[in-house]
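> We have chain A; now place chain B onto it with these hints.
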Amino acid sequence: NAGVTQTPKFRILKIGQSMTLQCAQDMNHNYMYWYRQDPGMGLKLIYYSVGAGITDKGEVPNGYNVSRSTTEDFPLRLELAAPSQTSVYFCASRPIAGELFFGEGSRLTVL
Amino acid sequence: DAKTTQPPSMDCAEGRAANLPCNHSTISGNEYVYWYRQIHSQGPQYIIHGLKNNETNEMASLIITEDRKSSTLILPHATLRDTAVYYCIVMNQGAQKLVFGQGTRLTINP
Numbered sequence: 001n002a003g004v005t006q007t008p009k010f011r012i013l014k015i016g017q018s019m020t021l022q023c024a025q026d027m028n029h030n031y032m033y034w035y036r037q038d039p040g041m042g043l044k045l046i047y048y049s050v051g052a053g054i055t056d057k058g059e060v061p062n063g064y065n066v067s068r069s070t071t072e073d074f075p076l077r078l079e080l081a082a083p084s085q086t087s088v089y090f091c092a093s094r095p096i097a098g099e100l101f102f103g104e105g106s107r108l109t110v111l
Numbered sequence: 001d002a003k004t005t006q007p008p009s010m011d012c013a014e015g016r017a018a019n020l021p022c023n024h025s026t027i028s029g030n031e032y033v034y035w036y037r038q039i040h041s042q043g044p045q046y047i048i049h050g051l052k053n054n055e056t057n058e059m060a061s062l063i064i065t066e067d068r069k070s071s072t073l074i075l076p077h078a079t080l081r082d083t084a085v086y087y088c089i090v091m092n093q094g095a096q097k098l099v100f101g102q103g104t105r106l107t108i109n110p
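Protein chains in written order, with the working numbering: chain A, 1 to 111; chain B, 1 to 110.
Pulled out of the complex, with its shape left as it was, chain A reads as follows:
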């Protein structure tokens, strides 16, 4: 049982480039989340989804887009990368009544 899998683990982007962070879970969880964590800071919610086809903004959605075409996958798209998006990104999932399961994170640097 793989749990929550994030790819890539590390990535360096140039300013203005775009990329997609992948997140997949194999636990058939309805809810999925994307958080970012800046150095020394707590987790900030970017976007979340309560099921396929349903997404909603979190605390810091600007500069990001998501989609949820299947229960398993919840990719996070960065358009026009900026240095302020340098961070560690965590994907998480949970069943409707249960705890969060986190991936190991994707470390992104924008230069």
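Simulated from the structure, these hints should not be mistaken for lab results.
Counterexamples of contact, computed for chain B against chain A with all Cβ distances above 12 Å: (1) Asp11; (2) Thr26; (3) Gly29; (4) Ile74; (5) Asp82; (6) Pro110.
Just a few of them, taken from the derived set where beta-carbon distance is under 8 Å, the chain B residues facing chain A: (7) Tyr46; (8) Gly94; (9) Gln96; (10) Phe100; (11) Gln102.
Here a beta-carbon is modelled for each residue, glycine too, at the ideal position from N, C-alpha and C.
What follows is chain B alone, placed relative to chain A:
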């Protein structure tokens, strides 16, 4: 969902009990208290949760006050590997939007 307040940092000696407090004075009747921890830069890990009764598992104990306005996570015999940031959040079971506070940075000293 109710907001939580935690001290930004705490220290504890190895082998002693670590008691991490969390205030959630606006908690509503159907909201649970959940605790997670994040070791270094790894993904956060679930520890324990409870509604009103005290709970214990292999990792920790959770003590919730009778009025449910605060709780304490207890690591009974802290080890160096318990050094981490500990997050307390309150939510009902069907909660959709889950927001974390800053947590408590616990340092276990040898």
